[in-house]
Amino acid sequence: MGEAIVVTSGKGGVGKSTTSCNIGVSLALSDKKVCLVDTDIGLRNLDVLLGLENRIVFDLVDVIEENCLLSQALIKDQRCEELYLLPSAQAKDKSAVSATQINRLISQLKEQFDYVIVDCPAGIERGFKNAIRGAERAIVVTTAENTSVRDADRVIGLLEKEKIAPPKLIINRLRPKMIKNGGMMDIDEVTALLAIDLLGVVPEDEEIIRAGNLGEPLVFSTRSPASRAFYNIARRIQGESIPLLTFDREKKMVTKMKKWLGFA
Amino acid sequence: MGKMLKSGVTIKGTRNGLLFLLDDVRPFTVILNELRYKLEQSANIWDGPDTAVSIRLGQRQITRQEETELRQLFAIRRNLIIREIEAEGMPYLLDENRGIQIKTGTIRSGQMLEQRGDLLLLGDVNPGGSVRSTGSIYILGALRGLAHAGIEGDDSCIIAASIFRPTQLRIADAISRAPDKWEESELGSKFAYLLDGQIAVDKMNHLGQLWPDKVWKESRLRQ
Ligand SMILES: Nc1ncnc2c1ncn2[C@@H]1O[C@H](COP(=O)(O)OP(=O)(O)O)[C@@H](O)[C@H]1O
Ligand SMILES: [Mg+2]
Chain G
1 MGEAIVVTSG KGGVGKSTTS CNIGVSLALS DKKVCLVDTD IGLRNLDVLL
51 GLENRIVFDL VDVIEENCLL SQALIKDQRC EELYLLPSAQ AKDKSAVSAT
101 QINRLISQLK EQFDYVIVDC PAGIERGFKN AIRGAERAIV VTTAENTSVR
151 DADRVIGLLE KEKIAPPKLI INRLRPKMIK NGGMMDIDEV TALLAIDLLG
201 VVPEDEEIIR AGNLGEPLVF STRSPASRAF YNIARRIQGE SIPLLTFDRE
251 KKMVTKMKKW LGFA
Chain Y
1001 MGKMLKSGVT IKGTRNGLLF LLDDVRPFTV ILNELRYKLE QSANIWDGPD
1051 TAVSIRLGQR QITRQEETEL RQLFAIRRNL IIREIEAEGM PYLLDENRGI
1101 QIKTGTIRSG QMLEQRGDLL LLGDVNPGGS VRSTGSIYIL GALRGLAHAG
1151 IEGDDSCIIA ASIFRPTQLR IADAISRAPD KWEESELGSK FAYLLDGQIA
1201 VDKMNHLGQL WPDKVWKESR LRQ
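Each protein sequence line maps, in turn, to chains G and Y.
Numbering follows the working numbering, in which position 95 of the first sequence is assigned residue number 95; successive positions increment by one, without gaps.
The number in the working numbering is simply the position in the second sequence, starting from 1, with 1000 added.
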């Protein structure tokens, strides 16, 4: 039996899909059987980030409405041994599926895969509630901005009421320069406020945007800081204890980083 | 042999049923654990005809919540029927409008903690979260959201926090919002109170001026 991890944020555009896809690929590259599930019905994304859009025949809604078998809707990523995508439907809306149906689907997937990574739509309404059903772990992605942190806090509050392990935090699009001149919250401020364990910090990286446009997830090719960050996050998910990367060579930051070594 | 620790739960048989004497010194949760153990363990002693139970709390008053927990424990034994709960010379229930209620955890965006009496929160109130209480609010943590003390009109309430960064404060009917920017010099614990119908904020070390009778003086426990 594998486990399902849902990637949430509250606010849109902070990097849920980017994170889901890079973590999924990293896990698959370390010989795990991985299935990525796009639950953002009506706003399909993961297939594009993975460059698999042109191979979609059936989607998640087809599986739920029993228009096809689960195995028919799963798209295999040829670049990995065991990486599959269950794409979302583009021409339907959120009311097409219920939480119970998603729950059943995720359970089915957990029997076949080591990790089922569920990419969640933005918001805290129905789409969110559906996506978190059936997951035993949750990741909350935020940027170091007020509004995004506020929405992350709201989502953490909702997750804490569910039968799900305490969520873990990823801070995305960090810009050390902006922190230094006070334009962005620093990592300590964000973690102090949200009061959950930090799973990793991903720096702002142009390569991510390029990778998204090419349909070639960052972790496949480059060894850029963001790519290393995602790779380390994937290792922490597998239970390894990996120190956080420093994006800033200053001594003060290094000592600060040391404090986070405890976070696994 | 050393002094034996008095049992937390003493059970006596009387003409009218069973008398449960609960120690009033140790924390109530400890007593409840011991009671659970006694009720769950010696199963054979408890099975039998319906028996009336009187519970004596000694010099202790309990909250409604604690009473519920106590009653739930006795539900393990169907034949034990609670007939009375008593404290010595006072009502057994704490007046919830007085006394301090202790809570812990983070009150996150969109969440609200509301309760009677004074509130001691060991945790944070985040932006978008709120705490409301009929009495005063003391926060051992960061107040970054909304706090409303004296929600039923008590204007003598205060709001105190170790990290004082509220978005809005309310005491009784008065409302005040945070400054647009907090100065670095404003770090440190603070409290808010009502002064001529307006909310004023001051450093914790000035609280003695508002509460002269609560300023501590050197003293020792009498043995
Ligand atoms: N670390 C990063 N550095 C630079 N751009 C990023 C980073 N993470 C995400 N992005 C960009 O932000 C946008 C939104 O990301 P996406 O993963 O689609 O967010 P969500 O799924 O939360 O809506 C995309 O254009 C993506 O390329
Ligand atoms: Mg997305």
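Please keep in mind that the hints were generated in silico from the structure rather than gathered at the bench.
Be a bit skeptical, because a hint or two may be false.
A few chain G residues that face chain Y, going by a derived Cβ cut-off under 8 Å, partial list only [as the list claims (entries may be wrong)]: (1) L70; (2) R126; (3) I156.
Stretches of chain Y that chain G covers, calculated by requiring three or more beta carbons in the stretch to come under 8 Å of a beta carbon on chain G [unchecked claim]: (4) 1116-1128; (5) 1151-1159.
Each computed PhoX-like pair below joins lysine-lysine, with the alpha-carbon atoms no more than 25 Å apart [claimed, not checked]: (6) Y/K1181 - G/K180; (7) G/K11 - G/K76; (8) Y/K1006 - G/K177; (9) G/K32 - G/K161; (10) G/K163 - Y/K1181; (11) G/K161 - Y/K1103; (12) G/K92 - G/K32; (13) Y/K1006 - Y/K1038; (14) G/K168 - Y/K1012.
These numbers come from a predicted model, not from an experiment.
From the three backbone atoms N, C-alpha and C, an ideal C-beta is built for every residue, glycine too.
Cross-check of the supplied hints:
This hint is violated: G/L70 has a C-beta 36 Å from the nearest C-beta of chain Y, more than the 8 Å allowed. A cut of 8 Å between beta carbons decides the hint on G/R126: the least distance to chain Y is about 17 Å, and the hint is violated. Residue-level restraint check for G/I156 holds (minimum Cβ-Cβ distance to chain Y is 6 Å; threshold 8 Å). Coverage of the region 1116-1128 of chain Y by chain G holds. Counting CB-CB distances below 8 Å, 4 residues qualify, and the rule asks for three or more.
Beta-carbon proximity to chain G at under 8 Å applies to 0 residues in the region 1151-1159 of chain Y; the threshold of 3 is not reached and the given coverage is violated. In summary, the hint linking Y/K1181 to G/K180 is supported, as the alpha carbons are separated by about 19 Å, within the 25 Å threshold. Taking the CA atoms of G/K11 and G/K76, the gap is about 30 Å. The hint is violated against a cut of 25 Å. Of the pairs offered as hints, the one joining Y/K1006 and G/K177 is violated, with about 63 Å between alpha carbons and a cut-off of 25 Å exceeded.
Taken as a hint, the G/K32 and G/K161 pair is broken in the structure, with Cα atoms around 30 Å apart against an allowance of 25 Å. For the suggested pair G/K163 and Y/K1181, the alpha carbons sit about 39 Å apart, so the restraint of at most 25 Å is broken. At roughly 17 Å between alpha-carbon atoms, G/K161 and Y/K1103 fall within 25 Å of each other, so this suggested pair holds. Proposed proximity of G/K92 and G/K32 is contradicted: the alpha carbons are some 31 Å apart, above 25 Å.
Restraint check for Y/K1006 and Y/K1038: the C-alpha separation of about 15 Å stays at or below 25 Å, so the hint holds. As the CA atoms of G/K168 and Y/K1012 are separated by approximately 51 Å, the hinted pair breaks the 25 Å bound.
In terms of the numbered hints stated before, the structure departs from hints 1, 2, 5, 7, 8, 9, 10, 12, 14, listed from lowest to highest.
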